[in-house]
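**Q** Here our numbering is used: the first residue of the sequence shown is 300, the next is one more, and so on.
Since the hints were made in silico from the structure, they are not lab data.
Each hint should be verified, as a subset may be incorrect.
What the hints assert, rightly or not - Here are the computed distance ranges between Cβ atoms for each label pair:
| hint | residue 1 | residue 2 | range |
| --- | --- | --- | --- |
| 1 | Ala557 | Pro473 | 27 to 33 angstroms |
| 2 | Pro313 | Asp339 | 38 to 44 angstroms |
| 3 | Asn455 | Gly374 | 44 to 50 angstroms |
What the hints assert, rightly or not - Capping the alpha-carbon separation at 20 angstroms, the derived lysine to aspartate or glutamate pairs in EDC-like fashion look like this:
| hint | residue 1 | residue 2 |
| --- | --- | --- |
| 4 | Lys387 | Glu361 |
| 5 | Lys387 | Asp311 |
| 6 | Lys347 | Asp422 |
| 7 | Lys387 | Glu427 |
| 8 | Lys347 | Glu315 |
| 9 | Lys301 | Asp390 |
What you are looking at is a predicted structure, and each value in this text was computed from that prediction instead of being measured.
Backbone N, C-alpha and C define an ideal beta-carbon position, used for all residues, glycine too.
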Amino acid sequence: MKLSLCNEVIRDLPFERQCALAAALGYRGLELAPFTFGDDAWRMPAAKRAEIRRTCAKAGLEVSGLHWLLAAPAGLSITTADRAVWQKSVDVLSASVDLCAELGGAYLVHGSPAQRRVASADDRSRAEEAWLLAAERAATARVAYCLEPLAAPDCNFVNTLAEAAEIVRRLGNPALRTMVDTLAAGLMEPEPVADAIRRWMPTGLMAHVQLNDRNRRGPGQGEDRFSPILRALRETGYGGWIAMEPFIYEPDGPTCAARMIGYVSGLLEHHA
């Protein structure tokens, strides 16, 4: 298992310093939020893509993957009846798949709750059409496109691993997968997160893991116990990326990044 830091945690730093800090702390990768590179990151020129990859490699890091795919530009939605907005949203997703592959990433995480809010069956159908198109692009690019279950009330569509798995299986593209976000799973799954991992990891549908506490801080910064979660990942043979994705950075991003990897690395050594 490889540890990655979601780069928005330290987005106030220039990207070169983000890489240097993450590497110095012991992370092996950065999970990039495209919005940290501007509203038009999905149209990033080839020279900029090469620069990002080169900067990561110089620090000894990889781009593990992408997340927060539809946070920018403003106004995107994969459920809207406005076909022009829907098409632009799909264009952003498709371009994000290509960006991920060109940066050397292995996966994309489709969270973006506000941009997938539903009010009708038609809204759900439009979301699934978008995911199917994204999965087709991901299959060509040889990356995994992960449908992320998210917690209510922030998200009202696909809240559990069972709901995500049903869509993934029905759409039937092997590039379309799901993943576990421990905050959402801790709030929405009918069983402890470790048991949910033991249930779903053997299905082959799960391609990624994000760690965060239900208090929206990083692992080790709340009451959630992560030792059983990491033990379950080892027991089920998970060998992919584990990304740290807090939403509250206490007391600041760099310190939060340091505390998270210290805590998780200690647990991984304990379970080795």
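**Q** Does the Cβ-Cβ separation between proline 313 and aspartate 339 fall within 38 to 44 angstroms?
**A** violated, 19 angstroms
**Q** Quick one, are lysine 347 and aspartate 422 close enough, alpha carbons at most 20 angstroms?
**A** Not satisfied, since the Cα-Cα distance of roughly 35 angstroms exceeds 20 angstroms.
**Q** Hint check: lysine 347 vs glutamate 315, CA-CA at most 20 angstroms. Holds or violated?
**A** Holds, because 13 angstroms separates the two Cα atoms, which is no more than 20 angstroms.
**Q** For the pair supplied as a hint, lysine 387 and glutamate 427, confirm whether the alpha-carbon distance does not exceed 20 angstroms.
**A** Satisfied, since the Cα-Cα distance of roughly 16 angstroms is no more than 20 angstroms.
**Q** Holds or violated: lysine 387 with aspartate 311, Cα cutoff 20 angstroms?
**A** violated, 28 angstroms
**Q** Between the beta carbons of asparagine 455 and glycine 374, is the distance compatible with 44 to 50 angstroms?
**A** Once the Cβ atoms are compared, 19 angstroms apart, the range 44 to 50 angstroms for glycine 374 and asparagine 455 is violated.
**Q** With respect to the beta-carbon atoms only, verify the hint that alanine 557 and proline 473 lie 27 to 33 angstroms apart.
**A** violated, 37 angstroms
**Q** Starting from lysine 301, check that the Cα of aspartate 390 is at most 20 angstroms away, please.
**A** The hint is violated at about 30 angstroms.
**Q** Starting from lysine 387, check that the Cα of glutamate 361 is at most 20 angstroms away, please.
**A** violated, 29 angstroms
Of the numbered hints stated above, those contradicted by the structure are hints 1, 2, 3, 4, 5, 6 and 9, listed in ascending order.
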